[in-house]
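Protein chains: 2
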Amino acid sequence: MRATAMYGAGDVRIEDVPDARLAEPTDALVRVTHAAICGSDLWPYKSMEPSETGRRMGREFVGVVEDVGPEVRTVKPGDLVVAPFLWSDGTCVFCREGLHTSCLHGGRYGQDGVDGGQGEAVRVPQADGTLVVLPDGEDDALMPSLLTLTDVMGTGHHVAISAKVAPGKTVAVVGDGAVGLCGVIAAKRLGAGRIILLGRHRDRIAIAEKFGATDIVSERGEQGVERVRELTNGFGAHSVLECVGLGQAMVTALSIVRPGGAVGRVGVPQEASIPNAAQTFFDNVTIAGGSAPVRAYIEELLPDVLDGRIEPGWVIDRVVELDGVPDGYRAMNDREALKVMVKL
Amino acid sequence: MRATAMYGAGDVRIEDVPDARLAEPTDALVRVTHAAICGSDLWPYKSMEPSETGRRMGREFVGVVEDVGPEVRTVKPGDLVVAPFLWSDGTCVFCREGLHTSCLHGGRYGQDGVDGGQGEAVRVPQADGTLVVLPDGEDDALMPSLLTLTDVMGTGHHVAISAKVAPGKTVAVVGDGAVGLCGVIAAKRLGAGRIILLGRHRDRIAIAEKFGATDIVSERGEQGVERVRELTNGFGAHSVLECVGLGQAMVTALSIVRPGGAVGRVGVPQEASIPNAAQTFFDNVTIAGGSAPVRAYIEELLPDVLDGRIEPGWVIDRVVELDGVPDGYRAMNDREALKVMVKL
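If you're matching them up, the sequences are chains A and B in order. Residue numbers are given in numbering that gives the first Met the number 0: position 256 of the first sequence equals residue 255, and the series is strictly consecutive. Residue numbers are given in numbering that gives the first Met the number 0: position 334 of the second sequence equals residue 333, and the series is strictly consecutive.
With the rest of the complex left out, here is chain A (with noise of 0.2 Å):
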């Protein structure tokens, strides 16, 4: 079959790779019909070392069950799934407590044997924790609101979560990709009062706009600051998604959070600390978040998809076949689209 692989920085090839096949008896084996193309790639994309054997890539899809595994109870042949972007039993004391990012016997794809999402197959292990069925006979249209569901828009409602958006609350998103424009979403259909996102790009602004953020800075730095505090009465905002994950958006984060406030963060961490140790104590900051796990919240938000309450498709701008994948990581990486769905 044909899949995605990494081979260094700026280096992605659509190759031939052996045939998605079950190996364990809770595996299924899923034909992907849309995949994504994940903004937290763009780092290795921009810095991997070149590699003789590259790496599969690719972690969010939706598909068709085609075969399952013995033990698998809760996916057959033909279902419609949706695979969150790790792999999880789904009965273990994480899972339970609903952080299956933490699973015991969960894992990443594209390695240890187990495929990528970029590809025309996948074999997924722990089918009966992971994968969510959709109904029959979805409209094409909300295929990529529904391919969301894999990552960016549980990963904009962990983040809002994480910072305790809740009805009324003043809330600031930081970055205008994929995630902060999902974590406007969130904040909206949380109740949020207010909405202000920090970003520059015309387009993103659009959709952030048509997603319920009230309020844009695009100023940048110190001068962002500024602004956000005096959209806020000089106190800053209660709830603080950071969706970026390099250093000087924690640091502007940071220094956006209304005293006693919460800092949201999903953004893969860029830096080995985290800034303002003694500004967040003295004000009694919450940091919180980090790898979301998605899986715990698609039965919350799918129902909202499926009745267009929310349309975090809205986010997808580019459209690919599998052998534009490459030319989708180098446009996602030049900014050129904000997030590039492969259609199988």
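Among the clues, some could well be false.
Unchecked claim - List time: in silico DMTMM-like cross-link candidates among lysine to aspartate or glutamate, alpha-carbon distance up to 25 Å:
id : chain 1 : residue 1 : chain 2 : residue 2
1  : A       : Lys45     : A       : Glu270
2  : A       : Lys163    : B       : Glu96
3  : B       : Lys187    : A       : Glu310
4  : B       : Lys45     : B       : Glu335
5  : A       : Lys163    : A       : Glu225
6  : B       : Lys75     : B       : Asp127
7  : A       : Lys187    : A       : Glu208
8  : A       : Lys187    : B       : Glu96
9  : A       : Lys45     : A       : Asp111
10 : A       : Lys75     : A       : Glu48
11 : A       : Lys187    : A       : Glu299
12 : A       : Lys163    : B       : Asp282
13 : B       : Lys187    : B       : Asp303
14 : A       : Lys163    : A       : Asp111
15 : B       : Lys163    : A       : Glu96
To be clear, the hints were calculated from the coordinates, so they are not data collected in a lab.
Once you've looked at the hints, dock chain B against the given chain A.
Just chain B now, with coordinates in the frame of chain A:
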């Protein structure tokens, strides 16, 4: 009147200062009966640059109201009052949220013309918002416990709340100082199932066990971390109370917290940043807490002290008169005393 001032590292003096007196209509003049030496003042005791003018010390005290300004409504001459370690108006937006440490009109003792607590009398600004009246005729034996409501017991409660202690949870306390020991009381009071104290001093361990610690870990560094993991099925503690402030204590705290757990911090941070940004991210660890709004907790904790359900006064193991304060700092700094009460 006589009061305490620090002139540099290791240089604490009792000296004659102008008598405390009312200045604002919202002030109360309090004759101090009992004060305490605060562990966080051991930081300047170790490192303060020599000063010509000195710095007035002390912010934990109980006393009798001697006079009040014309706008004071809730306390009157003769009242026995407990004073939290910061003064606050009780009416601003932050005080109404229980975050008195961020009061818009609050401040610290010992600066800007406000007396320190380790002296014969104190002008207390914002008396209505700050002072809590104690019942008449309190037993002298209760005084150490009542005095802890000015700081260490409220701080122990704050760190437990920040670390999300709840019934049945496993709690680890980093630091066996007065705050750590009060953290043990708070964890037990909030229903923790298991309380692991990380500490090495035999007398402090005895107090921790009296307060409800179920396990003691005396190993340091990586060995201590391993020991806590052994005690917690390899997962770590749900709630970790960081009660020291040194970088190494925070490293330990972040190394023994369970995925999805929370680290509360109340030790004044001695480092500019919080370490382990990536590990805490992938483990979804919450970091919360800070300067404790002890004023918010007095009403909740006071009945338990009055009824003897909690006895935080056990952390006070030395009593001195005002002239003994300099030696009290020395004794606490040398770890000869855990916490010193000043009886005037």
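Hint check:
The straight-line distance between the Cα atoms of Lys45/A and Glu270/A is roughly 16 Å, inside the 25 Å bound, and the hint therefore holds. A C-alpha spacing of about 15 Å is found between Lys163/A and Glu96/B, which places the hinted pair at or below 25 Å, so the restraint holds. Annotation: proposed proximity of Lys187/B to Glu310/A is violated, straight-line Cα distance about 46 Å (limit 25 Å). A hinted pair counts as satisfied when its Cα atoms are at most 25 Å apart, and Lys45/B with Glu335/B qualifies at roughly 16 Å.
A hinted pair counts as satisfied when its Cα atoms are at most 25 Å apart, and Lys163/A with Glu225/A qualifies at roughly 23 Å. As the CA atoms of Lys75/B and Asp127/B are separated by approximately 10 Å, the hinted pair is consistent with the 25 Å bound. With a C-alpha separation of about 11 Å, the suggested pairing of Lys187/A with Glu208/A holds against the 25 Å cut-off. Between Lys187/A and Glu96/B the alpha-carbon distance is near 23 Å, which keeps this suggested pair within the 25 Å criterion.
Distance hint between Lys45/A and Asp111/A is fulfilled; the C-alpha atoms sit about 23 Å from each other, no more than 25 Å. For the proposed pair Lys75/A and Glu48/A, the alpha carbon gap of about 40 Å is over 25 Å, so the pair is violated. Taking the CA atoms of Lys187/A and Glu299/A, the gap is near 15 Å; set against the 25 Å cutoff, the hint holds. A hinted pair counts as satisfied when its Cα atoms are at most 25 Å apart, and Lys163/A with Asp282/B qualifies at roughly 18 Å.
At roughly 13 Å between alpha-carbon atoms, Lys187/B and Asp303/B fall within 25 Å of each other, so this suggested pair holds. Between Lys163/A and Asp111/A, the direct Cα distance comes to roughly 36 Å. Violation of the 25 Å bound is thereby established for this hinted pair. The suggested pairing of Lys163/B with Glu96/A holds, with an alpha-carbon distance near 15 Å, which does not exceed 25 Å.
Hint compliance for this structure: hints 3, 10 and 14 are broken, all remaining hints hold.
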